[in-house]
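2 protein chains.
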Amino acid sequence: MADELVLLDFSVSPFGMRARIALAEKGIKYEQKLENLQDKSPLLLQMNPIHKKIPVLIHNGKPICESLVIVQYIDEVWKETSPLLPSDLYLRAQARFWADFIDKKVLEFGWKTCMTKENEAAKKELMETWKLLEGELGEKPYFAGEKFGYVDLSLIPFSTWFYSYETFGNFSMESEFPKITDWVKRCLEKESVSKSLVDQQDVYQFFGLMRKKFGVE
Amino acid sequence: MADELVLLDFSVSPFGMRARIALAEKGIKYEQKLENLQDKSPLLLQMNPIHKKIPVLIHNGKPICESLVIVQYIDEVWKETSPLLPSDLYLRAQARFWADFIDKKVLEFGWKTCMTKENEAAKKELMETWKLLEGELGEKPYFAGEKFGYVDLSLIPFSTWFYSYETFGNFSMESEFPKITDWVKRCLEKESVSKSLVDQQDVYQFFGLMRKKFGVE
Chain A
0 MADELVLLDF
10 SVSPFGMRAR
20 IALAEKGIKY
30 EQKLENLQDK
40 SPLLLQMNPI
50 HKKIPVLIHN
60 GKPICESLVI
70 VQYIDEVWKE
80 TSPLLPSDLY
90 LRAQARFWAD
100 FIDKKVLEFG
110 WKTCMTKENE
120 AAKKELMETW
130 KLLEGELGEK
140 PYFAGEKFGY
150 VDLSLIPFST
160 WFYSYETFGN
170 FSMESEFPKI
180 TDWVKRCLEK
190 ESVSKSLVDQ
200 QDVYQFFGLM
210 RKKFGVE
Chain B
0 MADELVLLDF
10 SVSPFGMRAR
20 IALAEKGIKY
30 EQKLENLQDK
40 SPLLLQMNPI
50 HKKIPVLIHN
60 GKPICESLVI
70 VQYIDEVWKE
80 TSPLLPSDLY
90 LRAQARFWAD
100 FIDKKVLEFG
110 WKTCMTKENE
120 AAKKELMETW
130 KLLEGELGEK
140 PYFAGEKFGY
150 VDLSLIPFST
160 WFYSYETFGN
170 FSMESEFPKI
180 TDWVKRCLEK
190 ESVSKSLVDQ
200 QDVYQFFGLM
210 RKKFGVE
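Chains as they are written, first to last, in numbering that gives the first Met the number 0: chain A, 0 to 216; chain B, 0 to 216.
Be a bit skeptical, because a hint or two may be false.
[Claimed, not checked] Pairs of lysine-lysine residues, derived as BS3-like cross-links and limited to a Cα-Cα distance of at most 27 Å, are as follows:
#, chain 1, residue 1, chain 2, residue 2
1, B, LYS78, A, LYS51
2, B, LYS178, A, LYS39
3, A, LYS52, B, LYS51
4, A, LYS111, B, LYS122
5, B, LYS39, B, LYS61
6, B, LYS103, A, LYS111
7, A, LYS51, B, LYS52
8, A, LYS103, A, LYS39
9, B, LYS61, A, LYS103
10, A, LYS122, B, LYS130
11, A, LYS116, A, LYS139
12, A, LYS130, B, LYS103
13, A, LYS78, B, LYS78
14, B, LYS122, B, LYS212
15, A, LYS52, B, LYS104
16, A, LYS111, B, LYS51
17, B, LYS212, A, LYS139
18, B, LYS212, A, LYS103
19, A, LYS51, B, LYS103
20, A, LYS61, B, LYS51
21, A, LYS123, B, LYS122
22, A, LYS122, B, LYS52
23, A, LYS123, B, LYS39
24, B, LYS51, A, LYS51
25, B, LYS51, A, LYS104
26, B, LYS130, A, LYS61
27, B, LYS178, A, LYS104
28, A, LYS122, B, LYS103
29, A, LYS51, B, LYS122
30, A, LYS103, B, LYS122
31, B, LYS52, B, LYS130
32, A, LYS211, A, LYS52
33, B, LYS212, A, LYS104
34, A, LYS39, B, LYS104
35, A, LYS111, B, LYS104
36, A, LYS123, B, LYS61
37, A, LYS103, B, LYS52
38, B, LYS130, A, LYS52
39, B, LYS122, B, LYS178
40, A, LYS139, B, LYS61
Don't read these hints as lab results, they were simulated from the structure.
One chain only, chain A, in its complex shape (with noise of 0.2 Å):
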C-alpha cells in the first residue's frame, strides 16, 4: 500500500513551510490541506487537539504536530533520500541547537519588530540574532557546509518575513547581513524551497491584517 499523506497547512506559514520544504527534498507526493486559521476544520482540531495549530502532518491517518518534529520524522523515515540532519551525532547535536535557537529567537524577536508599535527593543534584538546567525553561516555556502540541511530548512521560511522586517523595522537585511543574503539566493535557486516558499508581500499583507486585529496601527 503506498503512503497516504496529508498535510494540514496555512499558506504564509513559516511552520507550514519548514513541512513543505522537507517533502519537497525527499520527493514525496502529498495533499496539501490549506486551514482557515479563523474556522478550524474539524479534521485540524481532532488530529492536534493539544495546540490546534498548523502543520500537521498526517501519515497513513496517523497525526504528527510540530514543525522540527515533523520534519524530524520525514528525515527518519525517508532517511535515503537527501539527509537532511548530518550523520555525525555531535554535527547533529550542533543542527538541533540552531533550529532550536531559531524557533526561540528568530520568530519571537521577528514578530515584536512587525507587530508591535513600540519596536525598538525587539528589533535591536532581532539584529542581534541575525548577527549571530550570520556569524555562524560565516562564508559557508550553508549553515552545515556544503549542503542544505536541517538548519538552513528551519531558517529560509523566515526569509519571507525581510519585507516586512525592513519596512515596520526600517532598515535593510541586504545592507546588513550581507552573507545572509546571498544565503537566501543560494536556497532560493533550489526547487524544493522556491515552490514552498511564498512572496514577501503575501506575509507583508498577513501582518498587516494581523496588525489591523490587534489595533497595531
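Fit chain B to the supplied structure of chain A, relying on the hints for placement.
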C-alpha cells in the same frame, strides 16, 4: 582514549537534572562542575557563548548545549544501554512532541505560578497542562509504556517544583493528579532519577530567593 565528560550544572535546575538522569541511565561517569549563576565561570561563557546557560555537556572538549539536545545526543552516542527515545519512528515523533510540550507549557506556567503575585491565570493554565499530561499518561506506568523513557526524563525534574506549586498556588497535586503522583513515586524508585533530583524544599528556597530578588513578596 576514554571519553572525557564534564557537565556544567546548577543543582536546582530541572534542565541540569535531565542531563544528570540521562548520564545515570547510561551509567556514564562524568565530572559535574556547579556554576554560580550570579558569577558565571569563563568556561561556561566560552562553552555556551550564545545562551550563557547551563546545562552544557562537554564531551572530549566539545560543548553540547540545551537540555533536550544534550539528552538526544547522549542517547545517540551511547545507544546500546537503556535507550531513551523509542526505536519506532512514529512513537519517537510523539515523544519529541511531548518533550516540546513540557518545555513550552510546564516551564512557563509553573514559573509564573511560583514567581508572580497575581498568579490565578497562570495556575489555571498550569493545572490544565498537568491535566493533559495526566490524560496522556493514563493507566500506563510510564509515558511510553512499560519502560522509563524520554518523556519521563523530560518531565520528572519538574516534580521537584510540586511543593512550590502547592504553596504558591494553594492546591494539592496529589488530590488533583493521582496518576501523576503515582508516576512520580514510580520514577523515584529508580536510582538514576532519585540521585539526580534535589529535594523539593531546596527548590522552594530557591523560589523564595528569586521572589525576593524580583520583588514578588
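Hints, verified against the model:
no.: 1; hint: B:LYS78 with A:LYS51; verdict: violated (34 Å)
no.: 2; hint: B:LYS178 with A:LYS39; verdict: violated (32 Å)
no.: 3; hint: A:LYS52 with B:LYS51; verdict: violated (31 Å)
no.: 4; hint: A:LYS111 with B:LYS122; verdict: holds (26 Å)
no.: 5; hint: B:LYS39 with B:LYS61; verdict: holds (19 Å)
no.: 6; hint: B:LYS103 with A:LYS111; verdict: holds (19 Å)
no.: 7; hint: A:LYS51 with B:LYS52; verdict: violated (31 Å)
no.: 8; hint: A:LYS103 with A:LYS39; verdict: holds (26 Å)
no.: 9; hint: B:LYS61 with A:LYS103; verdict: holds (23 Å)
no.: 10; hint: A:LYS122 with B:LYS130; verdict: violated (37 Å)
no.: 11; hint: A:LYS116 with A:LYS139; verdict: violated (36 Å)
no.: 12; hint: A:LYS130 with B:LYS103; verdict: holds (26 Å)
no.: 13; hint: A:LYS78 with B:LYS78; verdict: holds (19 Å)
no.: 14; hint: B:LYS122 with B:LYS212; verdict: holds (21 Å)
no.: 15; hint: A:LYS52 with B:LYS104; verdict: holds (15 Å)
no.: 16; hint: A:LYS111 with B:LYS51; verdict: holds (23 Å)
no.: 17; hint: B:LYS212 with A:LYS139; verdict: violated (44 Å)
no.: 18; hint: B:LYS212 with A:LYS103; verdict: holds (26 Å)
no.: 19; hint: A:LYS51 with B:LYS103; verdict: holds (15 Å)
no.: 20; hint: A:LYS61 with B:LYS51; verdict: violated (39 Å)
no.: 21; hint: A:LYS123 with B:LYS122; verdict: violated (33 Å)
no.: 22; hint: A:LYS122 with B:LYS52; verdict: holds (23 Å)
no.: 23; hint: A:LYS123 with B:LYS39; verdict: holds (24 Å)
no.: 24; hint: B:LYS51 with A:LYS51; verdict: violated (33 Å)
no.: 25; hint: B:LYS51 with A:LYS104; verdict: holds (15 Å)
no.: 26; hint: B:LYS130 with A:LYS61; verdict: holds (23 Å)
no.: 27; hint: B:LYS178 with A:LYS104; verdict: violated (36 Å)
no.: 28; hint: A:LYS122 with B:LYS103; verdict: holds (24 Å)
no.: 29; hint: A:LYS51 with B:LYS122; verdict: holds (21 Å)
no.: 30; hint: A:LYS103 with B:LYS122; verdict: holds (24 Å)
no.: 31; hint: B:LYS52 with B:LYS130; verdict: violated (30 Å)
no.: 32; hint: A:LYS211 with A:LYS52; verdict: holds (22 Å)
no.: 33; hint: B:LYS212 with A:LYS104; verdict: holds (26 Å)
no.: 34; hint: A:LYS39 with B:LYS104; verdict: holds (22 Å)
no.: 35; hint: A:LYS111 with B:LYS104; verdict: holds (21 Å)
no.: 36; hint: A:LYS123 with B:LYS61; verdict: violated (30 Å)
no.: 37; hint: A:LYS103 with B:LYS52; verdict: holds (14 Å)
no.: 38; hint: B:LYS130 with A:LYS52; verdict: holds (20 Å)
no.: 39; hint: B:LYS122 with B:LYS178; verdict: holds (19 Å)
no.: 40; hint: A:LYS139 with B:LYS61; verdict: holds (21 Å)
In summary, the numbered hints that this structure violates are 1, 2, 3, 7, 10, 11, 17, 20, 21, 24, 27, 31 and 36.
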